[in-house]
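**Q** The primary structure of each chain is shown beneath.
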Amino acid sequence: MIAPTLLAAVGEVGEGFFQERDSSSLPCQAKPDEVFCFDWARENIDRFGTPTVQHLELVLFSVLLGFAIAFAISLLAHRTAWLRPPLLAATGILYTIPSIAFFFLLLPITGIGRTTAIVVLATYTLQIIYRNTMLGLANVPGPVKDAARGMGLTERQILWRVELPLATPEIVAGLRIATVSTVAIATLAVFIGAGGLGTQMYGSGNLTFPTSIIIAAAIAIGMALLFDVALLTVQRLITPWRRARLG
Amino acid sequence: MPEAEATSETQSQPGASSVSYEGASKRYGDSASPAVDNLTLEVPAGEICVLVGPSGCGKTTAMRMVNRTVEITEGDVLVGGESVRDRDPARLRREIGYVIQQIGLFPHRTIAENIGAVPQLLGWKKDRTKARTAELLELIGLDPELGERYPAQLSGGQQQRVGVARALAADPLVMLMDEPFGAIDPISRERLQNEFLRLQAQVRKTVLFVTHDIDEAIKMGDRIAIMKEGGRVEQYATPAEILMAPATEFVEDFVGADRALKRLALMRVADIDLWEAPLAHVGQATAEVRAKLAQSDVEVPYPLLVDGERRPLGWLSERDLGAETVPAKPDSPLGPLLDRDDVMRDALADLLQGEAQYAAVVDHEGRIDGVLSVEIISEFLKSPRAKSGELAVERPHGGEPAP
Numbered sequence: 001m002i003a004p005t006l007l008a009a010v011g012e013v014g015e016g017f018f019q020e021r022d023s024s025s026l027p028c029q030a031k032p033d034e035v036f037c038f039d040w041a042r043e044n045i046d047r048f049g050t051p052t053v054q055h056l057e058l059v060l061f062s063v064l065l066g067f068a069i070a071f072a073i074s075l076l077a078h079r080t081a082w083l084r085p086p087l088l089a090a091t092g093i094l095y096t097i098p099s100i101a102f103f104f105l106l107l108p109i110t111g112i113g114r115t116t117a118i119v120v121l122a123t124y125t126l127q128i129i130y131r132n133t134m135l136g137l138a139n140v141p142g143p144v145k146d147a148a149r150g151m152g153l154t155e156r157q158i159l160w161r162v163e164l165p166l167a168t169p170e171i172v173a174g175l176r177i178a179t180v181s182t183v184a185i186a187t188l189a190v191f192i193g194a195g196g197l198g199t200q201m202y203g204s205g206n207l208t209f210p211t212s213i214i215i216a217a218a219i220a221i222g223m224a225l226l227f228d229v230a231l232l233t234v235q236r237l238i239t240p241w242r243r244a245r246l247g
Numbered sequence: 001m002p003e004a005e006a007t008s009e010t011q012s013q014p015g016a017s018s019v020s021y022e023g024a025s026k027r028y029g030d031s032a033s034p035a036v037d038n039l040t041l042e043v044p045a046g047e048i049c050v051l052v053g054p055s056g057c058g059k060t061t062a063m064r065m066v067n068r069t070v071e072i073t074e075g076d077v078l079v080g081g082e083s084v085r086d087r088d089p090a091r092l093r094r095e096i097g098y099v100i101q102q103i104g105l106f107p108h109r110t111i112a113e114n115i116g117a118v119p120q121l122l123g124w125k126k127d128r129t130k131a132r133t134a135e136l137l138e139l140i141g142l143d144p145e146l147g148e149r150y151p152a153q154l155s156g157g158q159q160q161r162v163g164v165a166r167a168l169a170a171d172p173l174v175m176l177m178d179e180p181f182g183a184i185d186p187i188s189r190e191r192l193q194n195e196f197l198r199l200q201a202q203v204r205k206t207v208l209f210v211t212h213d214i215d216e217a218i219k220m221g222d223r224i225a226i227m228k229e230g231g232r233v234e235q236y237a238t239p240a241e242i243l244m245a246p247a248t249e250f251v252e253d254f255v256g257a258d259r260a261l262k263r264l265a266l267m268r269v270a271d272i273d274l275w276e277a278p279l280a281h282v283g284q285a286t287a288e289v290r291a292k293l294a295q296s297d298v299e300v301p302y303p304l305l306v307d308g309e310r311r312p313l314g315w316l317s318e319r320d321l322g323a324e325t326v327p328a329k330p331d332s333p334l335g336p337l338l339d340r341d342d343v344m345r346d347a348l349a350d351l352l353q354g355e356a357q358y359a360a361v362v363d364h365e366g367r368i369d370g371v372l373s374v375e376i377i378s379e380f381l382k383s384p385r386a387k388s389g390e391l392a393v394e395r396p397h398g399g400e401p402a403p
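Chains as they are written, first to last, in the working numbering: chain W, 1 to 247; chain A, 1 to 403.
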């Protein structure tokens, strides 16, 4: 059985974090009624820099990888109708695996660190991006495709010049949901030793001293909002026809 | 484009190719009866051939064989003498204009980009595409500024005009039109039909036009193929022949009991002898006008007031004539105003809609040409001329471009 070995490995990683946190002496910790300790925040804000960058990288790499895979299987499913139900089921099953379990199951294959985290996070985006891309492609009006074919566009040209541009709003909507949820799930990457904002959330001392959690969570929320607004802006810019109306 | 050059050798009309069905069939899967069964039909270059019939008769399937959006399972279709089965479908389609009922403009492309789509596929230079787009916008009577708009910003009628322009962009040899005006309100439809006929008089394309509306078929077609289930052609003839001599009971039923009335769709107002209008000018002595009215051969009971350019202004009433001189403002409004080039059926509809017994007919410049009355039309319908085949279809020869 590999389970005991795994647990031992994780135990070691976990202890590493906790020790680092425990070693700092904190002035506000003695006062349990205080939810947020500004003094501590001012003195320790530097420690959030590296985790934020790590978190950003985790999200970017995972979503890009997830998008590449989901987009590819969407195109495959678009061309081959019988593949659609099994692909939907497969991505759906992957989506239901509990994240902590997923991390640990991958340990023997990809080891401790960022690779495992990115693989898991990317896997979670597949279902959302795949579903939305397929929805977008299905929403392209039949007569537009009929006209395109009748005018002499090849199937490939119809896909890239007509269907995908028209599916852009749904595809970007999928990316937005995937990105925002990845920002949240990436806080668990700490358990596989991949760093990120989770390092500032999970610690034994944090149970009685929530300041670090609050700061890390605020950064995560801000990051999610920024990604969301950025993607929405990109979508608006690349789909100008959607704002064009009568008059 | 080597293909275009190759086909241009065999065409009898520059810019258009003949289309021949040679026992063409389409069978879907293992279905017992084919959608189109052994269709043989010859469409001469530069003519409008209307495929008409009840829904499910295979007319659209037959039309789609030409650009291979439906694959022929048996037999062949020749475009300009060349089998479509030997052609690469995409390349073939770029030489064939395609207009569908739902229009199918690209919502994410501007009007100009939509019109320039096929030229772009053919690799035209940007300048050439741009010039062609501007030319077509003018041809269909759209403001060049609309070129920068998106389809959603245009009305349904404008969108369908763009659909036709897009199909014409690369000067196709053949046009396929599948119920192109079917989803448009009746008034705009009539206008679009007239516009298209005027356009066709200039471009002289070979057109395969699908409709389920026999009235539209009679109005648009140089020839009409009346189809029955399985794409069987019951009669293939000019509209006049079909109205005068339906070949089968099916055709007779399909054309309907009001065949005499439908013949009116075959003629223009100018084709019939009009009444002469007693004219009056502003300031003229009414005695003079009354004298003119008293002449025995005048059929119109009231004088028509016209301006210095002989453009009608309105009808004078008894009260107007009671004055010393003709007033500047006539008592009765003009009512419906007809054009010499109006289709007779549309003119009759205008008369009935305006609840008028008669109406003034004007020429291109808006000058009075005569008076058309319900009486003239009903006399005509009773005349042997209406029943004979004399009324060959006359297309509006609007040779000169619209001003």
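Any given hint could be a false lead.
Said to hold, decoys possible - Pairs of lysine-lysine residues, derived as DSBU-like cross-links and limited to a Cα-Cα distance of at most 35 angstroms, are as follows: (1) Lys329(A) / Lys292(A); (2) Lys262(A) / Lys382(A); (3) Lys228(A) / Lys382(A); (4) Lys228(A) / Lys262(A); (5) Lys228(A) / Lys292(A); (6) Lys130(A) / Lys145(W); (7) Lys145(W) / Lys228(A); (8) Lys382(A) / Lys145(W); (9) Lys125(A) / Lys145(W).
Unchecked claim - What follows is a set of in silico ranges between Cβ atoms, one per label pair, in the way DEER data are often shown: (10) Ser55(A) / Pro85(W): 41 to 47 angstroms; (11) Asp86(A) / Trp82(W): 28 to 34 angstroms; (12) Tyr28(A) / Ala184(W): 46 to 52 angstroms; (13) Arg367(A) / Ala138(W): 57 to 63 angstroms; (14) Ala184(W) / Asp127(A): 51 to 57 angstroms; (15) Pro98(W) / Asp88(A): 29 to 35 angstroms.
Treat the hints as calculated values from the structure; they're not laboratory data.
No residue lacks a Cβ here, since even glycine has one placed at the ideal position from N, Cα and C.
**Q** All the hints need checking, so say for each whether the structure fits it.
**A** Verification of the supplied hints:
no. : hint                                      : in the structure
1   : Lys329(A) / Lys292(A)                     : 20 angstroms, holds
2   : Lys262(A) / Lys382(A)                     : 14 angstroms, holds
3   : Lys228(A) / Lys382(A)                     : 31 angstroms, holds
4   : Lys228(A) / Lys262(A)                     : 21 angstroms, holds
5   : Lys228(A) / Lys292(A)                     : 57 angstroms, violated
6   : Lys130(A) / Lys145(W)                     : 24 angstroms, holds
7   : Lys145(W) / Lys228(A)                     : 29 angstroms, holds
8   : Lys382(A) / Lys145(W)                     : 51 angstroms, violated
9   : Lys125(A) / Lys145(W)                     : 25 angstroms, holds
10  : Ser55(A) / Pro85(W): 41 to 47 angstroms   : 33 angstroms, violated
11  : Asp86(A) / Trp82(W): 28 to 34 angstroms   : 32 angstroms, holds
12  : Tyr28(A) / Ala184(W): 46 to 52 angstroms  : 51 angstroms, holds
13  : Arg367(A) / Ala138(W): 57 to 63 angstroms : 58 angstroms, holds
14  : Ala184(W) / Asp127(A): 51 to 57 angstroms : 53 angstroms, holds
15  : Pro98(W) / Asp88(A): 29 to 35 angstroms   : 53 angstroms, violated
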